[in-house]
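Q: Chains as they are written, first to last, in full-length UniProt numbering: chain E, 1 to 272; chain Y, 1 to 272; chain X, 1 to 272; chain W, 1 to 272.
No lab work stands behind these hints, which were simulated from the structure alone.
Fair warning: this is a prediction, and the values are worked out from it, not measured in the lab.
One or more of the hints may lead you astray.
[To be verified] Distance condition first, Cα-Cα at most 30 Å in a straight line; then the derived DSS-like pairs of lysine-lysine:
hint, chain 1, residue 1, chain 2, residue 2
1, Y, K8, Y, K92
2, W, K8, W, K96
3, W, K157, E, K20
4, E, K157, Y, K157
5, X, K20, Y, K157
6, E, K157, W, K157
7, W, K20, X, K157
8, X, K96, X, K20
9, E, K20, E, K96
10, E, K16, E, K96
11, E, K157, Y, K16
12, Y, K157, X, K16
13, W, K16, W, K96
14, E, K157, Y, K20
15, E, K92, E, K16
16, E, K16, W, K157
[As the list claims (entries may be wrong)] Facing chain X, a subset of chain E residues (Cβ under 8 Å, in silico):
hint, residue
17, A42
18, T206
19, G208
20, N251
[Unchecked claim] Here are some chain W residues the structure puts well away from chain E; computed CB gaps all over 10 Å:
hint, residue
21, F28
22, L72
23, Y74
24, Y97
Beta carbons: idealized from backbone N, C-alpha and C, even for Gly.
Listed here are the chains, written in short residue letters.
Number of protein chains: 4
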Amino acid sequence: MSGLPRLKHRVYSILKVSRKPGDASWNFDVFIIILIVGNVAAMLLESIEPIRLKYSAEFKLFEIFSVTIFSLEYILRIWTANISPAYPSPVKGRLKYALSPLALVDLLAILPFFLPFVGVDLRLLRVLRIFRIFRVFKIARYVTALALMNRVVSQKKEELVLSLIFTLSLLLITSTLMYYIENEAQPENFSSIPETMWWGIATLTTVGYGDIYPVTPLGQFMGGVIAVIGIGLFALPTGILASGFSEELTNRKEKINCCPTCGRPKIQEYEI
Amino acid sequence: MSGLPRLKHRVYSILKVSRKPGDASWNFDVFIIILIVGNVAAMLLESIEPIRLKYSAEFKLFEIFSVTIFSLEYILRIWTANISPAYPSPVKGRLKYALSPLALVDLLAILPFFLPFVGVDLRLLRVLRIFRIFRVFKIARYVTALALMNRVVSQKKEELVLSLIFTLSLLLITSTLMYYIENEAQPENFSSIPETMWWGIATLTTVGYGDIYPVTPLGQFMGGVIAVIGIGLFALPTGILASGFSEELTNRKEKINCCPTCGRPKIQEYEI
Amino acid sequence: MSGLPRLKHRVYSILKVSRKPGDASWNFDVFIIILIVGNVAAMLLESIEPIRLKYSAEFKLFEIFSVTIFSLEYILRIWTANISPAYPSPVKGRLKYALSPLALVDLLAILPFFLPFVGVDLRLLRVLRIFRIFRVFKIARYVTALALMNRVVSQKKEELVLSLIFTLSLLLITSTLMYYIENEAQPENFSSIPETMWWGIATLTTVGYGDIYPVTPLGQFMGGVIAVIGIGLFALPTGILASGFSEELTNRKEKINCCPTCGRPKIQEYEI
Amino acid sequence: MSGLPRLKHRVYSILKVSRKPGDASWNFDVFIIILIVGNVAAMLLESIEPIRLKYSAEFKLFEIFSVTIFSLEYILRIWTANISPAYPSPVKGRLKYALSPLALVDLLAILPFFLPFVGVDLRLLRVLRIFRIFRVFKIARYVTALALMNRVVSQKKEELVLSLIFTLSLLLITSTLMYYIENEAQPENFSSIPETMWWGIATLTTVGYGDIYPVTPLGQFMGGVIAVIGIGLFALPTGILASGFSEELTNRKEKINCCPTCGRPKIQEYEI
Numbered sequence: 001m002s003g004l005p006r007l008k009h010r011v012y013s014i015l016k017v018s019r020k021p022g023d024a025s026w027n028f029d030v031f032i033i034i035l036i037v038g039n040v041a042a043m044l045l046e047s048i049e050p051i052r053l054k055y056s057a058e059f060k061l062f063e064i065f066s067v068t069i070f071s072l073e074y075i076l077r078i079w080t081a082n083i084s085p086a087y088p089s090p091v092k093g094r095l096k097y098a099l100s101p102l103a104l105v106d107l108l109a110i111l112p113f114f115l116p117f118v119g120v121d122l123r124l125l126r127v128l129r130i131f132r133i134f135r136v137f138k139i140a141r142y143v144t145a146l147a148l149m150n151r152v153v154s155q156k157k158e159e160l161v162l163s164l165i166f167t168l169s170l171l172l173i174t175s176t177l178m179y180y181i182e183n184e185a186q187p188e189n190f191s192s193i194p195e196t197m198w199w200g201i202a203t204l205t206t207v208g209y210g211d212i213y214p215v216t217p218l219g220q221f222m223g224g225v226i227a228v229i230g231i232g233l234f235a236l237p238t239g240i241l242a243s244g245f246s247e248e249l250t251n252r253k254e255k256i257n258c259c260p261t262c263g264r265p266k267i268q269e270y271e272i
Numbered sequence: 001m002s003g004l005p006r007l008k009h010r011v012y013s014i015l016k017v018s019r020k021p022g023d024a025s026w027n028f029d030v031f032i033i034i035l036i037v038g039n040v041a042a043m044l045l046e047s048i049e050p051i052r053l054k055y056s057a058e059f060k061l062f063e064i065f066s067v068t069i070f071s072l073e074y075i076l077r078i079w080t081a082n083i084s085p086a087y088p089s090p091v092k093g094r095l096k097y098a099l100s101p102l103a104l105v106d107l108l109a110i111l112p113f114f115l116p117f118v119g120v121d122l123r124l125l126r127v128l129r130i131f132r133i134f135r136v137f138k139i140a141r142y143v144t145a146l147a148l149m150n151r152v153v154s155q156k157k158e159e160l161v162l163s164l165i166f167t168l169s170l171l172l173i174t175s176t177l178m179y180y181i182e183n184e185a186q187p188e189n190f191s192s193i194p195e196t197m198w199w200g201i202a203t204l205t206t207v208g209y210g211d212i213y214p215v216t217p218l219g220q221f222m223g224g225v226i227a228v229i230g231i232g233l234f235a236l237p238t239g240i241l242a243s244g245f246s247e248e249l250t251n252r253k254e255k256i257n258c259c260p261t262c263g264r265p266k267i268q269e270y271e272i
Numbered sequence: 001m002s003g004l005p006r007l008k009h010r011v012y013s014i015l016k017v018s019r020k021p022g023d024a025s026w027n028f029d030v031f032i033i034i035l036i037v038g039n040v041a042a043m044l045l046e047s048i049e050p051i052r053l054k055y056s057a058e059f060k061l062f063e064i065f066s067v068t069i070f071s072l073e074y075i076l077r078i079w080t081a082n083i084s085p086a087y088p089s090p091v092k093g094r095l096k097y098a099l100s101p102l103a104l105v106d107l108l109a110i111l112p113f114f115l116p117f118v119g120v121d122l123r124l125l126r127v128l129r130i131f132r133i134f135r136v137f138k139i140a141r142y143v144t145a146l147a148l149m150n151r152v153v154s155q156k157k158e159e160l161v162l163s164l165i166f167t168l169s170l171l172l173i174t175s176t177l178m179y180y181i182e183n184e185a186q187p188e189n190f191s192s193i194p195e196t197m198w199w200g201i202a203t204l205t206t207v208g209y210g211d212i213y214p215v216t217p218l219g220q221f222m223g224g225v226i227a228v229i230g231i232g233l234f235a236l237p238t239g240i241l242a243s244g245f246s247e248e249l250t251n252r253k254e255k256i257n258c259c260p261t262c263g264r265p266k267i268q269e270y271e272i
Numbered sequence: 001m002s003g004l005p006r007l008k009h010r011v012y013s014i015l016k017v018s019r020k021p022g023d024a025s026w027n028f029d030v031f032i033i034i035l036i037v038g039n040v041a042a043m044l045l046e047s048i049e050p051i052r053l054k055y056s057a058e059f060k061l062f063e064i065f066s067v068t069i070f071s072l073e074y075i076l077r078i079w080t081a082n083i084s085p086a087y088p089s090p091v092k093g094r095l096k097y098a099l100s101p102l103a104l105v106d107l108l109a110i111l112p113f114f115l116p117f118v119g120v121d122l123r124l125l126r127v128l129r130i131f132r133i134f135r136v137f138k139i140a141r142y143v144t145a146l147a148l149m150n151r152v153v154s155q156k157k158e159e160l161v162l163s164l165i166f167t168l169s170l171l172l173i174t175s176t177l178m179y180y181i182e183n184e185a186q187p188e189n190f191s192s193i194p195e196t197m198w199w200g201i202a203t204l205t206t207v208g209y210g211d212i213y214p215v216t217p218l219g220q221f222m223g224g225v226i227a228v229i230g231i232g233l234f235a236l237p238t239g240i241l242a243s244g245f246s247e248e249l250t251n252r253k254e255k256i257n258c259c260p261t262c263g264r265p266k267i268q269e270y271e272i
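Next up, chain E with everything else stripped away, as it sits in the complex:
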């Protein structure tokens, strides 16, 4: 292997997340993380008007620099994509890679720069650059924890979705009742059911901004009941996730080839 193919493999191995601190791939990862953090910081600072006006040239320069690096990286990733066994075909494989979530995020993060003529303000998309940082978390330390959390959440998907549906139904019913109770006393704050839902969500989640709240005795009674029920809103998903994490740990242990309880070797292994 020599020349271009060799270079391609070298580029590919650098672009991949490094597992060995100190090598070229590691240094590249560190550089990209710094660049992403710098971009996020620039985005935050640029939104502060006095800073934006004073340093507009510097922000522009840094933006050009960042987009150049990110674009180069994106092109190299597309070029080397078919080295990965997941995307073998030169054309279809590369297209498939380009449509993968992480690659799309990469594209969307640089696109606004190249599409100034669209008219719509797409600078908002720069926030997507934060997601790029997740690529770097694919390192050994976090990969187990991330996989565990992912497994727990997807195993408990049905229960969590049901909790959400209960919450939304409760929100709808509460807000409708509250609208009929409070509308007369505060026609401005509880002007419609959707407006009342803003109160409902702030109460159920216990945020409680205090911009609208019931003032009639019946409304306050209802509000109190909802706030207490809101506690269940925290208890249900928490309980579900807690048992999910415990279950995962138990399952992992049972995979070990002897009884973890009494130390005897297992006779047969069952998938439970």
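Using the hints provided, position chains Y, X and W relative to the given structure of chain E.
A: Okay, now just chains Y, X and W, sitting in the frame of chain E:
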């Protein structure tokens, strides 16, 4: 089987929740879900005054259409009720079905339309149409999760009720004390114990609207203690439910016909 | 057994919490619960000024009636106390009973009525009547749940106390820092460290009344960090209690005389 | 052993946390705790202006007294440090001890008194004296609980760090979106992304001060979604910690030398 009985069975099988995507019963379910969501959306939009005034005719029309469908569905459900083995008798079975919670919800959801002469504004009852959506959740995917959550909550009923009683006692005692502490400094906000309970519930549930709060040092000290105790209010039911979910999972595993820990076949099965 | 001793035993059995719905003791329990609830309701209503002024005679009458019943009950309880095997001696046993927490609550709940000449307003103590309701919860249904919750909380006492100490230290440190940060910008709201602790407690418990909050960038950064740490304040005791409940259930199962996992009879029993 | 070495050992044993109530070391611990609590109380009271002005002499006196004791204690601790087997060398061991976290806290807690000429107001550092109290918690009662909590948190470090990263990413993305949504309607409250992050953190943690909140329908919808997601922010770390505590308890039991489930003696012990 032919003619009316055959039609009746056909209607019954369509009204039941489908388990096979794509058949007539499935399409009917989808249609009803869309109609329910549409009704809820209409109810929300109609509560916004400018929209209500502008589209009053359209809302009326949609309401007539919806109630016609729902009424027809209700009549057909009553008619075919005695096909179900749960309600065999033609008269008593149908009456028993009509008094089941889901059938009552169906009735209450259409009743307001037919009782405009009652005088009281019953449009509020339309919110019950949301509950109808639960019927559709009886599909295989969610049935296990729903049953699990139901089992956990009912198994931990005593603990949860006790938590609620502790909360209410705490609320009552706190509010009484706070009333005596703050009444002098803020006679308007802490004007009576029930009024103070409104503060109490907002603090214990950590909603904290900020419409009333203690201002005297002693009152603020009490308020701080209550807010910290309020954390226990979250911790207790959450802990109870978490252990309930874990317990259910353990029980389910033990039902499997061999020891899940060491893989040996069970000698006897015990109901624990 | 006849005459007075017989009456005494009869009174004692009526005063004890009934376990059989419908008998004399049961009816007495129901009557006392209604009276307690009535007293609490009266206390709440009496705190509302217009109601107090309008129905002052009725409130007075109900108070005299209630205190008469409660006093009679108290005297009878003291009289029959030495029937219980826990307090055998006629004098020392009765005194020991009179100093038990529940008997003291009974006494404190009626005392304010007999001590109007004390000068201090003791009506506040009437709130203690709520506690009397706990006596009735000693029925079979709740006794297991109550014992379980009690056992979990006392087994995890050390962990819970440590959580509280962490919270208080965090509160103190945060408030001191915040006082130095915000005092200059808002000398009125953050006027002293104890005053700042009122902000700190509202933030750590996520109540967030919104009466005081940081306005300087550094203060808002600190406030954000504290609010996030506040989540741990919920997570720690909840996690502790959740594992406590799970542990209790496991222990209970292990007491059953055969292995709950594989169904084999246990060889030896160990206290774990 | 006599003379200075004997005295040194005596001092060392007194400075160590006592495990026997009533001896000299115990009395010293109690005295130091009282002094620390007194210092914290003085710090709180001194921050209240009227009290500071009135009792400035007394505060000064108490400060001199406290610093004298603390300085003496610090010098004695450094002197006796090389008795501990952890710091054997007279010079290097003592230096190593002086750089240990607890010794640094001790130094920082007295330093402000000796460095008045620094110019910067270092009185703030006095808050560090609170940390000194932790030294006393190294008593048998709490040592197990503290070690357990420590083990759980460090075992779940990866999951907890990931939860924090998710939270911060969510905060950043939400605040950026919200800034673009609400900036036009409320240019003063949502003036920049960092300013909007203050809203974001108050909402995600459900503190909800109510100083800034969205007013546009789209902003309120977004705010509602974020508030609901904020519940997950509580559920995730709580679930992680709950399973961590359960796991620790299971591990501890498995260390006992026979199967806790069925009572049979273990054949081999495995580190799981």
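Q: Now tell me if each hint is right for this structure.
A: Comparing the hints with the structure gives:
1. K8(Y) with K92(Y): holds, 18 Å
2. K8(W) with K96(W): holds, 19 Å
3. K157(W) with K20(E): holds, 22 Å
4. K157(E) with K157(Y): holds, 24 Å
5. K20(X) with K157(Y): holds, 22 Å
6. K157(E) with K157(W): Holds, because 24 Å separates the two Cα atoms, which is no more than 30 Å.
7. K20(W) with K157(X): holds, 22 Å
8. K96(X) with K20(X): Given that 30 Å is the threshold and the Cα spacing comes to 29 Å, the pair holds.
9. K20(E) with K96(E): holds, 29 Å
10. K16(E) with K96(E): holds, 18 Å
11. K157(E) with K16(Y): This hinted pair holds, its Cα atoms lying about 25 Å apart.
12. K157(Y) with K16(X): holds, 25 Å
13. K16(W) with K96(W): holds, 18 Å
14. K157(E) with K20(Y): holds, 22 Å
15. K92(E) with K16(E): The hint holds at about 21 Å.
16. K16(E) with K157(W): OK: K16(E) and K157(W) at ~25 Å, within 30 Å.
17. A42: Violated: closest Cβ of chain X sits about 18 Å from A42(E), beyond 8 Å.
18. T206: holds, 7 Å
19. G208: holds, 7 Å
20. N251: violated, 15 Å
21. F28: holds, 43 Å
22. L72: holds, 46 Å
23. Y74: Fine: 39 Å to the nearest Cβ keeps Y74(W) off the interface.
24. Y97: holds, 32 Å
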